[in-house]
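**Student:** Starting from the known structure of chain Y, fit chains U, A, V, D and S onto it as the hints suggest.
There are 6 protein chains.
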Amino acid sequence: MLTHINEKGYAKMVDISNKDETTRIAVATATITMSRDALDKIKNGQIKKGEVISVAQVAGIMGAKNTSLNIPMCHQINLVGCDLEFEIIEQSSSIKIYSTCKSHGKTGVEMEALNACTIAALTIYDMCKAVDKKMIISNIHLVEKTGGKSGDFKF
Amino acid sequence: MLTHINEKGYAKMVDISNKDETTRIAVATATITMSRDALDKIKNGQIKKGEVISVAQVAGIMGAKNTSLNIPMCHQINLVGCDLEFEIIEQSSSIKIYSTCKSHGKTGVEMEALNACTIAALTIYDMCKAVDKKMIISNIHLVEKTGGKSGDFKF
Amino acid sequence: MLTHINEKGYAKMVDISNKDETTRIAVATATITMSRDALDKIKNGQIKKGEVISVAQVAGIMGAKNTSLNIPMCHQINLVGCDLEFEIIEQSSSIKIYSTCKSHGKTGVEMEALNACTIAALTIYDMCKAVDKKMIISNIHLVEKTGGKSGDFKF
Amino acid sequence: MLTHINEKGYAKMVDISNKDETTRIAVATATITMSRDALDKIKNGQIKKGEVISVAQVAGIMGAKNTSLNIPMCHQINLVGCDLEFEIIEQSSSIKIYSTCKSHGKTGVEMEALNACTIAALTIYDMCKAVDKKMIISNIHLVEKTGGKSGDFKF
Amino acid sequence: MLTHINEKGYAKMVDISNKDETTRIAVATATITMSRDALDKIKNGQIKKGEVISVAQVAGIMGAKNTSLNIPMCHQINLVGCDLEFEIIEQSSSIKIYSTCKSHGKTGVEMEALNACTIAALTIYDMCKAVDKKMIISNIHLVEKTGGKSGDFKF
Amino acid sequence: MLTHINEKGYAKMVDISNKDETTRIAVATATITMSRDALDKIKNGQIKKGEVISVAQVAGIMGAKNTSLNIPMCHQINLVGCDLEFEIIEQSSSIKIYSTCKSHGKTGVEMEALNACTIAALTIYDMCKAVDKKMIISNIHLVEKTGGKSGDFKF
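Protein chains in written order, with my numbering: chain Y, 215 to 369; chain U, 215 to 369; chain A, 215 to 369; chain V, 215 to 369; chain D, 215 to 369; chain S, 215 to 369.
Don't take every hint at face value.
Pairs of lysine-lysine, BS3-like flavour, derived with a Cα cap of 25 Å [unchecked claim]:
{"hint": "1", "chain 1": "D", "residue 1": "LYS363", "chain 2": "D", "residue 2": "LYS233"}
{"hint": "2", "chain 1": "A", "residue 1": "LYS233", "chain 2": "V", "residue 2": "LYS347"}
{"hint": "3", "chain 1": "Y", "residue 1": "LYS363", "chain 2": "Y", "residue 2": "LYS320"}
{"hint": "4", "chain 1": "Y", "residue 1": "LYS368", "chain 2": "U", "residue 2": "LYS348"}
{"hint": "5", "chain 1": "U", "residue 1": "LYS368", "chain 2": "Y", "residue 2": "LYS347"}
{"hint": "6", "chain 1": "D", "residue 1": "LYS320", "chain 2": "D", "residue 2": "LYS233"}
{"hint": "7", "chain 1": "A", "residue 1": "LYS233", "chain 2": "U", "residue 2": "LYS233"}
{"hint": "8", "chain 1": "Y", "residue 1": "LYS257", "chain 2": "D", "residue 2": "LYS222"}
{"hint": "9", "chain 1": "A", "residue 1": "LYS347", "chain 2": "V", "residue 2": "LYS320"}
{"hint": "10", "chain 1": "D", "residue 1": "LYS347", "chain 2": "S", "residue 2": "LYS310"}
{"hint": "11", "chain 1": "V", "residue 1": "LYS368", "chain 2": "A", "residue 2": "LYS348"}
{"hint": "12", "chain 1": "U", "residue 1": "LYS363", "chain 2": "Y", "residue 2": "LYS347"}
{"hint": "13", "chain 1": "U", "residue 1": "LYS320", "chain 2": "Y", "residue 2": "LYS348"}
{"hint": "14", "chain 1": "S", "residue 1": "LYS257", "chain 2": "S", "residue 2": "LYS320"}
{"hint": "15", "chain 1": "S", "residue 1": "LYS320", "chain 2": "U", "residue 2": "LYS233"}
{"hint": "16", "chain 1": "S", "residue 1": "LYS310", "chain 2": "A", "residue 2": "LYS320"}
{"hint": "17", "chain 1": "Y", "residue 1": "LYS348", "chain 2": "Y", "residue 2": "LYS310"}
{"hint": "18", "chain 1": "D", "residue 1": "LYS233", "chain 2": "S", "residue 2": "LYS363"}
{"hint": "19", "chain 1": "A", "residue 1": "LYS257", "chain 2": "D", "residue 2": "LYS257"}
{"hint": "20", "chain 1": "V", "residue 1": "LYS320", "chain 2": "D", "residue 2": "LYS320"}
{"hint": "21", "chain 1": "D", "residue 1": "LYS310", "chain 2": "S", "residue 2": "LYS347"}
{"hint": "22", "chain 1": "U", "residue 1": "LYS348", "chain 2": "Y", "residue 2": "LYS310"}
{"hint": "23", "chain 1": "V", "residue 1": "LYS347", "chain 2": "A", "residue 2": "LYS348"}
{"hint": "24", "chain 1": "Y", "residue 1": "LYS310", "chain 2": "U", "residue 2": "LYS310"}
{"hint": "25", "chain 1": "Y", "residue 1": "LYS257", "chain 2": "S", "residue 2": "LYS257"}
{"hint": "26", "chain 1": "D", "residue 1": "LYS257", "chain 2": "U", "residue 2": "LYS222"}
{"hint": "27", "chain 1": "Y", "residue 1": "LYS320", "chain 2": "V", "residue 2": "LYS233"}
{"hint": "28", "chain 1": "U", "residue 1": "LYS310", "chain 2": "Y", "residue 2": "LYS348"}
{"hint": "29", "chain 1": "U", "residue 1": "LYS320", "chain 2": "S", "residue 2": "LYS310"}
Stretch by stretch, here's where chain U covers chain A in the computed footprint (C-beta under 8 Å, at least three residues) [what the hints assert, rightly or not]:
{"hint": "30", "region": "217-227"}
{"hint": "31", "region": "288-294"}
{"hint": "32", "region": "327-341"}
Rather than coming from a laboratory, the hints here were simulated on the basis of the structure.
For each residue, glycine too, the CB sits at the ideal point set by N, CA and C.
So that you can see chain Y by itself, here it is in the shape it has in the complex (with noise of 0.2 Å):
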């Protein structure tokens, strides 16, 4: 069944109520690959003030705090932590983004944590797009999981 789907076959938001209120952190992955001079100048301005990047990680923090608004059927949820990471990949001219979030309370944080990293990587490709428009997001998808009732997750 899929929880999200109510009897009459319309969805809701899923009673919680039941469940244990425990500490959740989840961290989730995107991969924005781009031509090599994009890449370039993110690099260069890293060097120096590293603006891309920078605004990319606060878009991802507001990011996950907004995730309730803009998931339809998600809980609302107060998080404790989030922060990112972004990793610059030469080989194959793209930044891998990681975030983890944090929270304690009764249902888990992987859709503020892949909100995170996805509007992070959109906010990248907005800044970039004067300069590559073929830019491509991949590979996006929860890396682990901890706390709650269905346990521990890797990917």
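**Tutor:** Frame of chain Y, contents of chains U, A, V, D and S only:
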């Protein structure tokens, strides 16, 4: 030059006051790949009421409208139309999403289209994650755009 | 045909790019009926500072501006004016709310006017619910609209 | 006394810090009455894909989550569950909407439930207004609530 | 060390998972100074209905609730109470605003209190700017806070 | 007359439908004063990555876009450009912030500029409050505006 970076090296919202008001259309795509089991559950839903795709469609349209709230340097744009399309690809056990956004104004709607299909994909993820935590969202890119100074673009 | 449904049966944001830019005005109404006691408390407030109605007025105007964030298929509209009026009807122990919204654009502001008076009524409910939980909000409808292709309308 | 008014006569967010944390459930209702033609178009949609009601369901759930952004003196509440139900009433050519909200906290979720069914009704209005501009939303009220100091309530 | 900066030099949302849940109260202040004429218009309003201050009060409370949407690294906090106070200071032709926010949680509400009185001041500015464009908002600071590891604070 | 007050004494969103569409620019400023220690920590950050100022810049730009969501009677405005500048003033151990907003429309962008520099200052406060709780934000005012019926203004 990255046009979003000001002379001090910080990000700015680009001044578009001298750009022409034209009709602008952008099409973007995203793909979510999942287990055969998860896809079957969505398809069964779809035959009956298509709830997962229906919710993803609503989330995508609302996401398009919220783009400038999520992507820091995006201009505020009043869309004059937005639609999505979902194509089930049996062979790869995936759903390919296309989003089309339209506006009449001084700047393009690429980010709105990209945000729409991405949030639709994340919504599918959210509603199916109880069944499959290994889903991957990939191949997010601009498909085409028309209107604006930089001319038409096809991926 | 319901114009918000696309050819696959899913909802879309209607393409209004071919509609004319005209001045558009919409007036809507809502009524909240309550106990004599609750109405007296509001009126006493009104004689002094009218706080309940004053907060409802602010909520209605902010609600008008937030319409496209709340109603999924609504276009984003920049209003050029918004006001509300509250009429206390002693006989039925109720408050009748009128809201007027105005814009210059390609689509009407009916939903903005309806949202404004409805949120104003819900705000009155919220501020009086400690005194009366049986309040009823009713008779929400469009009163009139002018401008746009479908012509003027009077209820 | 209206509890939302401070000693100077202005509105405040009531201090609930001394209230108990309990499970709180609220059910609210709203009814939208329309032309036979509009109802038929929704029902035909429903037999196929139920899009109007499906979008209204999503709007209602997102509306429940946005309540404190729309109603000025409402506390922020993290819901642990939310669902809606739509009952087509042929005799009166109307749709009766029920919304149920659930939380665990220091204050009730009446406004969340009222907001959910009201926004669902406004969404139906929005999607059908091309067919019928004379629709009326009425009979919005709290149906029942459980939990909290003031005890259980049935309308 | 600035606790909001991660080891790579980018901003993060600080991990507060190990902090204690306590009752936290913060009081902040802001002052807006204006022409004698503008202050008289507000006071006349106040004698009658106090609309400018009444709207500023609502804006301040809604601003407190929106703090984490506006301040990037702020944690999401569900307030359990919020109120403002406006003191007219004839001698300096100014209005001094005090805001008090209260929560029960792992982190303080200083930013909520600061945001509340600041947005209240900006709202007064907005409503009076047709009369006086030279108004100055100043002296925004934390007045006191209680609760939390760093102990009580008085300015 | 305060133009935001209607004939019944309540606040309204002023009707601007008869005003001309012109290019409008507003510049505003805010100053945050802090301990020598806090300023040094920001400056050290700035030499390396300038994170505090970088986050404040992003917050200011997003704040400019959110102005009508925070200031109740503000019209919704689609900005065509926004930038901020931060000047470190050693002598007074403070940072002076300038924000510039630009639009083409029927009403000015003073509130957007004021909101941008104020939220930037609050963001600096948030990120440094672990080091210094006695920071003061002051001297927030409009610096200049051009465009619109009331003519150019210089503070």
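**Student:** So if I understand the rule, the pair passes when the alpha-carbon distance is 25 Å or less; does LYS320 (chain V) with LYS320 (chain D) pass?
**Tutor:** Given that 25 Å is the threshold and the Cα spacing comes to 17 Å, the pair holds.
**Student:** Would you check the hint for LYS348 (chain Y) and LYS310 (chain Y), treating anything up to 25 Å between C-alpha atoms as holding?
**Tutor:** The hint holds at about 17 Å.
**Student:** For a C-alpha distance cap of 25 Å, please report whether LYS257 (chain S) and LYS320 (chain S) respect it.
**Tutor:** 40 Å, violated
**Student:** Under the criterion that the straight-line Cα-Cα distance not exceed 25 Å, is the pair LYS320 (chain D), LYS233 (chain D) satisfied?
**Tutor:** 5 Å, holds
**Student:** Just to be careful, I want the Cα atoms of LYS257 (chain Y) and LYS222 (chain D) compared with a cutoff of 25 Å; is the pair within it?
**Tutor:** 15 Å, holds
**Student:** CA of LYS320 (chain U) to CA of LYS348 (chain Y), is that 25 Å or under?
**Tutor:** 22 Å, holds
**Student:** Take the C-alpha atoms of LYS257 (chain A) and LYS257 (chain D), compute the straight-line distance between them, and say whether it is at most 25 Å.
**Tutor:** 22 Å, holds
**Student:** Within 25 Å, alpha carbon to alpha carbon, are LYS363 (chain D) and LYS233 (chain D)?
**Tutor:** Answer holds: LYS363 (chain D) to LYS233 (chain D) is near 8 Å, not above 25 Å.
**Student:** Is it true that the CA of LYS363 (chain Y) sits at most 25 Å from the CA of LYS320 (chain Y)?
**Tutor:** Holds, because 9 Å separates the two Cα atoms, which is no more than 25 Å.
**Student:** For the pair we were handed, LYS347 (chain D) and LYS310 (chain S), check the Cα-Cα distance against 25 Å.
**Tutor:** 20 Å, holds
**Student:** Are the Cα atoms of LYS347 (chain V) and LYS348 (chain A) separated by 25 Å or less?
**Tutor:** Outside the cut-off at roughly 29 Å; violated.
**Student:** Decide if the proposed pair is consistent with the structure: LYS368 (chain V) and LYS348 (chain A), CA atoms, cutoff 25 Å inclusive.
**Tutor:** 9 Å, holds
The structure fails hints 14, 16, 18, 23, 26, 29, 32 (numbered hints given earlier, in ascending order).
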